[in-house]
Amino acid sequence: MRFGILGSLRVGGGSTVTAGRDRVVLAMLLLRAGRLVPVDELVDAVWEENPPATARAQLQTCVSRLRRRLTELGFTPGTIVTDPAGYGVRIEPADLDANLFTRGVEVARAAGAAGRLVDARTHYRAALALWRGPALAGIASRSVRRRAQTLDEQRLTVLEECVDVELRLGGAAELIEELTESVEVYPSRDRLRGQLMLALSSVGRQADALAVYREGRRFYADELGLEPGVALQELHQRVLAGDLALAGREVRSVAPVRSLPRAIGDFTGRQQTLARLLKDVEAGARIQLIDGMAGSGKTTLAVHVATVLAESYPDAQLYIDLHGHSERTPLTPSAAVATLLRQLGVPADRVPTSQDDRLALWRTELAGRRALLVLDNAATAGQVTPLLPNGSHCLVLVTSRRRLVGVDEGRPLSLPVLDRDEAVELLGHVVGSDRVAAEPEAAAEMVRRCGHLPLAIRLAGARLAHRPRWRIADLAERLSSRPDPLAELEAGERSVGRAFALSYAQVSPSAQRAFRLLGLHPGVRFDTSVAAVLAELSLPGAQDLLDELVDAHLVEEVQPGRYRLHDLVREYARTLMADPDRAVERRDGVERLLDHHLQVALAIARKRELSASRPQLVVAEPLRADLAAIVAEQGGAWVDENVSLWPALVRLAETEGFPHYCWQLTRACWYAQFESGRLDELIETHSVGLRAAEELGDERAEATLLNYLASAHYRLGDFPESIRVMEMSLDIFRRLGLRREVRNTLVNLGTSYAANFEFQRARDAYEASRAMATRMPDNDALANELNNLSMSLLLWGRLDEAVFTARKHLIVAREIGEPRRIANAVGHLGMARHRMGDVGPAGRLLRAALRLKRQVGARFGEGEVLNEIGMIEREAGRPERAADLHRSALVAMTEVGDRVAQCGSRNLLARAILAQGDVTSALDLYRRVLADATGLGARYEQGRALEGIGRCLLTTDPAAARAHLTRALSLYQQIDVPDRHEVERLLAIDPH
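Following the working numbering, the numbering of the sequence shown begins with 1 at its first residue and continues without gaps.
Some hints here could point you the wrong way.
[To be verified] DMTMM-like cross-link-like pairs, simulated, lysine to aspartate or glutamate; straight-line CA separation at most 20 Å: (1) Lys607 - Asp626; (2) Lys808 - Asp780; (3) Lys607 - Glu641; (4) Lys607 - Glu818; (5) Lys808 - Asp778; (6) Lys607 - Glu633; (7) Lys279 - Glu409; (8) Lys808 - Asp838; (9) Lys607 - Glu621; (10) Lys607 - Glu815; (11) Lys607 - Asp640; (12) Lys279 - Asp291; (13) Lys607 - Glu675; (14) Lys808 - Glu767; (15) Lys607 - Asp780; (16) Lys808 - Glu818; (17) Lys279 - Glu311.
The set of hints was computed from the structure by calculation and includes no laboratory data.
Just need the whole structure built from these sequences, with the hints factored in.
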């Protein structure tokens, strides 16, 4: 590099040109290196509005001096060229730092586009390191400054691009100082300010991020008379509401995501189809809908297209099987987006519970990414539409056995079977082109027998590939003459069944039986223990048969020890098992499968649930006690892996006529579904289980499931429905004379009454439970009663009673010795002491409760305690610390799916933000909570949001403040909560 303009003007190894006019001329020439600069432009640059009559002559003198100076510094006389049109500088691209900068940025952008983020960061930083200060600093000429400012703007744009890459690489902490300085120097750049907010939020400094926004908002208002840009406002809302915290408090290292299945190396035919798809994508079509019959190669085509286009979508290449046409129930958009979020690196415990929140996070994660998404095996347009990304920077390939009418912007493509030549070519790829060339007629007959269906050709061809002594004619004869369960070769999917039959016929009788039985499993994946249970084998014996089936391409090993059946293969296995002669084999297999999962789930639930709520089911001895004991040792890991299987298992029990297993499996899976926030699935399974209990006429089972069904409605904030369902349960238990169950249900019902702010009915329920205690001593039931009563008294504002009850609960909890109960008692005691004004003892109790709740993994309780400690911090004049605690509480409440508690956490967060002096942000958040709480019918949180809005408006709009406070007071009076006293005080203040 021999010339420098990225900073002060430099020539050679750091030398300078001192004459002022000469510096202007050289700067103008270097700004347009390799091109001629007209004389008039140079004159304007040197003398601006007042050029002398001798300007051209003086310009020639300047150029002559520059030539001499450059010669002194080792340049050739021809470095500056003269032309009738003007002057120019002739140098190599590498001689000028601005050229090196441009080239370095191009390389960095190319690396980023290819997904090589580390390389991109390296090249960006090398390019930025060429800058020594503002371009051509010290030269005041307006013409020079105008062009130099363009360079300065380019540097800032490149810095922003570099920061984007480094944020995605997880370098937020290291960027904060640099971004802070840049925002101070360039306060009007929204993108830099937003990046600083992201970096601060990523390291848990949400309060500082909000302060950065406030400073920017003041600058825009004072200096420009404007509001910040839409993107910055949206980012502010995400930080404010804790949405960034939901995806994790630390920025994840976002390396490019590569989740596509492996593309086959012998992709055959479809050239016209492929060309059309690629042309459509190039023309801007971002949603491609590929439909066709089973086995026609839709997935193969989609994955091939995705692989071809992968470099154009470097940030993420995602794939998901939506199970639209399989034994498994089609994935809901909520379940599908949860899987896609995990592919993007969002931790499972940070995936929100509700579908709307998941989809919002999905859109947030894809914002700014160039992503390619394959939605395979879709059932309906309604399943696909919610998953479609916004914007034009993503491509979506959808496959389905049905035409998806109703997907806006979708470009449909129906995929036929292969033509004769393509089918024969595919066979040649599988078995060898020389064998096909030797038997062309037999090859044509064989692919005809396979219905020209790619999947059938591949599976049948695999038989030939592993039997070099067979002729193609031999296999064609077997296809045409052997009796098979699916006899009609040309009848659509039945041709696939014929191909499967050939694979099936080649394995041992024991493997055939295991294969048939595996078709009964309703899930996507299974492990060796499931195969052992179904086939009545030891684990080693089951492993041997699985290996044989994998070799025969009837089973896929998706990862070590985990297996799956392709949906068409499972269909074939199911068809085999539908033979009337195998009715007993089928029924016995289903029973073994259901029994195994019931026994394992019960064993784990009895260890994980609180003693009073542990399943009291009377079940027979395990059919495979050896395997149940081994698997149950996996504990929570087994539950996490199988929790998504429960709805399908419960439905299997119902459809196969096992009502006892159906309702018992429902009860056994309650805790796993409740604690993981799978509340929609909990409602689904319990609804099915209730039908089974009603079929059996087992009222006890019906009442039990109603009680646990109510828990989902409670957690979802639908307290009236929770009460209705629980009252049904209570009526049945009373009619049956089941005193223990009546007592426990009364306690649960009291909690729902209290949550619905029906405090007198809650007290009546607790007193009825307590009256039974004298005739039925039971510490577990007593602990439940005291726990729920103390929480209800806190809501009601009966603090003395709450302290007394919480202390009794603590005594009983210690006698029982369950850490979870002790944590609840200590937490409620701390809350009551805080609200009575005993801040010191309250803080110690709450911190102890927080430690205990974290030890036992009680996320909802952890969120409760964090919110209470946050209130203490705010009242002590530490609102920034309070806001951090409320954001952490919001994460916990979101994980467990409690929508009302999410509103509560956001209300408290808004109060902390208001205490920091950020009235505008607090007002925005309160208004969001008001909308959410109104939708849920959560009157208390509506009241708190209205009160908060009133507080925000007290000084700027007293009339509006009074209107909101009056509405809040009306709600508080309706539900009889102590918050009304503070609102009455605010309303009594004379605004004048």
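| field | In rising order, the numbers of the hints this structure does not comply with | value | Those not satisfied: there are none.
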